[in-house]
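Student: Listed below, chain by chain, are the residues.
Number of protein chains: 2
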Amino acid sequence: MTGLLTDLYELTMAAAYFDAGRSAESATFELSIRRLPKHRDYVIVAGLQQALEYLLQLRSTTPEIDYLRALPQFARVTPAFFDYLGDFHFIGDVFAVPEGTTLFAGEPILTIRAPIIEAQIPETYLLSTITFQTLIATKASLMVRAAAGRAVVEFGTRRAHTPEAGVLAARAAYLAGCAGTSNTLAGFRFGIPVFGTSAHSWIMSYSRERDAFHQLQQVLGPHTVQLVDTYDPLNGTRLAAALGPPLWGIRLDSGDLAELSKQARAILDAAGLRDAKIMASGDLDETRIAQLVAAGAPIDVFGAGTELATSADAPTMGTIYKLVEVAGRPTAKSSEDKASLPGRKQLFRFPDRDILALADETPGGDPLLQPVILKGQLVEGARDLETIRRRAAQPVQPRPLEYSDALTALINQTRPK
Amino acid sequence: MTGLLTDLYELTMAAAYFDAGRSAESATFELSIRRLPKHRDYVIVAGLQQALEYLLQLRSTTPEIDYLRALPQFARVTPAFFDYLGDFHFIGDVFAVPEGTTLFAGEPILTIRAPIIEAQIPETYLLSTITFQTLIATKASLMVRAAAGRAVVEFGTRRAHTPEAGVLAARAAYLAGCAGTSNTLAGFRFGIPVFGTSAHSWIMSYSRERDAFHQLQQVLGPHTVQLVDTYDPLNGTRLAAALGPPLWGIRLDSGDLAELSKQARAILDAAGLRDAKIMASGDLDETRIAQLVAAGAPIDVFGAGTELATSADAPTMGTIYKLVEVAGRPTAKSSEDKASLPGRKQLFRFPDRDILALADETPGGDPLLQPVILKGQLVEGARDLETIRRRAAQPVQPRPLEYSDALTALINQTRPK
Numbered sequence: 003m004t005g006l007l008t009d010l011y012e013l014t015m016a017a018a019y020f021d022a023g024r025s026a027e028s029a030t031f032e033l034s035i036r037r038l039p040k041h042r043d044y045v046i047v048a049g050l051q052q053a054l055e056y057l058l059q060l061r062s063t064t065p066e067i068d069y070l071r072a073l074p075q076f077a078r079v080t081p082a083f084f085d086y087l088g089d090f091h092f093i094g095d096v097f098a099v100p101e102g103t104t105l106f107a108g109e110p111i112l113t114i115r116a117p118i119i120e121a122q123i124p125e126t127y128l129l130s131t132i133t134f135q136t137l138i139a140t141k142a143s144l145m146v147r148a149a150a151g152r153a154v155v156e157f158g159t160r161r162a163h164t165p166e167a168g169v170l171a172a173r174a175a176y177l178a179g180c181a182g183t184s185n186t187l188a189g190f191r192f193g194i195p196v197f198g199t200s201a202h203s204w205i206m207s208y209s210r211e212r213d214a215f216h217q218l219q220q221v222l223g224p225h226t227v228q229l230v231d232t233y234d235p236l237n238g239t240r241l242a243a244a245l246g247p248p249l250w251g252i253r254l255d256s257g258d259l260a261e262l263s264k265q266a267r268a269i270l271d272a273a274g275l276r277d278a279k280i281m282a283s284g285d286l287d288e289t290r291i292a293q294l295v296a297a298g299a300p301i302d303v304f305g306a307g308t309e310l311a312t313s314a315d316a317p318t319m320g321t322i323y324k325l326v327e328v329a330g331r332p333t334a335k336s337s338e339d340k341a342s343l344p345g346r347k348q349l350f351r352f353p354d355r356d357i358l359a360l361a362d363e364t365p366g367g368d369p370l371l372q373p374v375i376l377k378g379q380l381v382e383g384a385r386d387l388e389t390i391r392r393r394a395a396q397p398v399q400p401r402p403l404e405y406s407d408a409l410t411a412l413i414n415q416t417r418p419k
Numbered sequence: 003m004t005g006l007l008t009d010l011y012e013l014t015m016a017a018a019y020f021d022a023g024r025s026a027e028s029a030t031f032e033l034s035i036r037r038l039p040k041h042r043d044y045v046i047v048a049g050l051q052q053a054l055e056y057l058l059q060l061r062s063t064t065p066e067i068d069y070l071r072a073l074p075q076f077a078r079v080t081p082a083f084f085d086y087l088g089d090f091h092f093i094g095d096v097f098a099v100p101e102g103t104t105l106f107a108g109e110p111i112l113t114i115r116a117p118i119i120e121a122q123i124p125e126t127y128l129l130s131t132i133t134f135q136t137l138i139a140t141k142a143s144l145m146v147r148a149a150a151g152r153a154v155v156e157f158g159t160r161r162a163h164t165p166e167a168g169v170l171a172a173r174a175a176y177l178a179g180c181a182g183t184s185n186t187l188a189g190f191r192f193g194i195p196v197f198g199t200s201a202h203s204w205i206m207s208y209s210r211e212r213d214a215f216h217q218l219q220q221v222l223g224p225h226t227v228q229l230v231d232t233y234d235p236l237n238g239t240r241l242a243a244a245l246g247p248p249l250w251g252i253r254l255d256s257g258d259l260a261e262l263s264k265q266a267r268a269i270l271d272a273a274g275l276r277d278a279k280i281m282a283s284g285d286l287d288e289t290r291i292a293q294l295v296a297a298g299a300p301i302d303v304f305g306a307g308t309e310l311a312t313s314a315d316a317p318t319m320g321t322i323y324k325l326v327e328v329a330g331r332p333t334a335k336s337s338e339d340k341a342s343l344p345g346r347k348q349l350f351r352f353p354d355r356d357i358l359a360l361a362d363e364t365p366g367g368d369p370l371l372q373p374v375i376l377k378g379q380l381v382e383g384a385r386d387l388e389t390i391r392r393r394a395a396q397p398v399q400p401r402p403l404e405y406s407d408a409l410t411a412l413i414n415q416t417r418p419k
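Heads up: the sequence lines are chains A and B, in that order. Basically this note's numbering = 1-based index in the first sequence + 2. Basically this note's numbering = 1-based index in the second sequence + 2.
Here chain A stands alone, though its shape is the one from the complex (with noise of 0.2 Å):
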């Protein structure tokens, strides 16, 4: 991980911190939710193991901190700006709500306890990787709640935000209650449980489509899935159900879904293929799904591409990383719209509500911030898949979010001079 994937003001201030002799200074950063995405009511925050891989991976090369030198905006910044930077490695704590959470708006994700300049610069990095697979979490939590117990499998990589994020999406549906992905190398980098089918160009390379169907039975055996829609829905599955078993299914991806599933299924039943699963596809969200198990579609598993992979309804969410202390005094800003709140805080967890305090409260309830790193050491902890996909599988209940009467204290009391 590069000290150079972050906004170049970052590395401004740190140097701007650096010369004005504060680097060792401790301050507290909160990453928080301004404001839900669009369409949402809650989000399952995901993405807080990339970031803790990055703050323990931070380095630069030397040809990087070159490059920085040679900027004109750091020529009159101290060349021991560039030693320490060249040296840099994350010391500080970091406290964090668990990856599957439910959180709501106003809520923190995480905190960052370090010296300024380290706590400074992680800024981009964590804002956009927590940011982003907390956006496609929420987004397959939907899906996977609207499917009602069908399996929704994550098929998006072709519309992520680069391949890259594609591999990231795939985790973030996953443990957000998604069977598993089409994205070879996130089965293969996080275990996640792989699925594929077949592609239309399978069936336009053979001049006969039952000889493409047929061929892919001798290969993939009882994994065949066969797609049925290059040409037509219903002759296809016909062509396919005719050649039987072994097969694992057919796959829909355009025209009627609801009524071609009945209709395929009928076509597989007759043919005695009732263990056969129907798969369907195509710009699938969670009010089509919705729509296709209230009208009783027989569609086993639902494959999701576009907008899952992109959140496409929701593409973007308030989230912010603000200084809320530094040496010991609290900070909060206070522009039009955008103010933020003072403080080192603690999110704590009730039934029917939660409640955001000073982090040396103790008004009872589930502290939900817990440390994941101290002194630039990772905490052991349960941040495996399954455990972060049961808790997210856990009811969604909306909650008011009250501040404590420190923090509300807290609030008046900071003001800019």
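Since copy identity is lost for identical chains, a pair holds within one copy or between any two.
When the alpha-carbon atoms are kept at most 16 Å apart in a straight line, the in silico EDC-like pairs for lysine to aspartate or glutamate are as follows:
hint: 1; residue 1: 377; residue 2: 95
hint: 2; residue 1: 340; residue 2: 285
hint: 3; residue 1: 340; residue 2: 234
hint: 4; residue 1: 264; residue 2: 277
hint: 5; residue 1: 40; residue 2: 315
hint: 6; residue 1: 40; residue 2: 285
hint: 7; residue 1: 279; residue 2: 302
hint: 8; residue 1: 340; residue 2: 258
hint: 9; residue 1: 377; residue 2: 27
Please keep in mind that the hints were generated in silico from the structure rather than gathered at the bench.
Given the structure of chain A, go ahead and fit chain B onto it with the hints provided.
Tutor: Using the frame of chain A, we list chain B on its own:
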């Protein structure tokens, strides 16, 4: 670039072609624009450079191959297939529309002619990398045009779908006319001008706003951009102005930017800082920029983040990658609303229209699909960012797309059997 960064079905299809003894069959795939993104009437093509690097560097490691070998889907596949994958390198031809070119619905971006396995596997990666950068370049083009000669700087990595996507968003935004980016790694990697301002945390880290402004000047000198809205934007502007030069200018990040920029301009001018610039940011898109320009807001530089780096109002685009010819036979699919066009094609640009024709036709006009890889070797060409920027800066002229008579005849002939 690992060969696993693809959908599993690309690899099961590859295994099926291999087992069927068809791996050497020549196929042509076409990556094209089925539908324009929402709210767009053109796109600026981008992402070719990353597509070429992927094709030329695609390799898989032994642990990756072993992972595939152990998947249940591959249980029946001949072991020789995994040796083939381990030795994989691309030996085909690629033809592409140059980055920075304006394209419209129904037009091809890239074609690959290669042994069918080599052309199949890259589908997922090529779609993602080209679609994403094209979306961002197009959004940037709209914002740059709205700015009517004032600079637009890309600030969006924190909102991009992963930090690495931010690097490529910066590239796409720059090639489409942005003046530069805040993404330091994009500056290092692509030679793009980098810009920085200062952070609210910098201001908040000082008890007095004036002290933060003063200290920043000491370090950044004439590159100092004072962020004035942490507490009160006009008071902040007065504090910055009172300090005098050296100063690049100020940045407004909240509130009524039209009104605030006028008042800030007056404050700066009254202090004799007529050369000090005003940068504005805060959820800017082409509509808001056009409003600010129309309102006569004295803003010199627009900082564009969230909306630009995610193409937030149109985060997806209907690009497709379809088999158009195999072993000399033209192919097409006829799925409902998802039909494709057969045959190896060329796109010819005329002053008043585009003509999509078969590859061996010569209707005149400029052929837009140019050879970029031949027999696995990169074709020399002017593909530097400055050349691409000049291309993208040309006026956009919507034009109808016509099919040649020969293509029309082939479409009518190509029906499934």
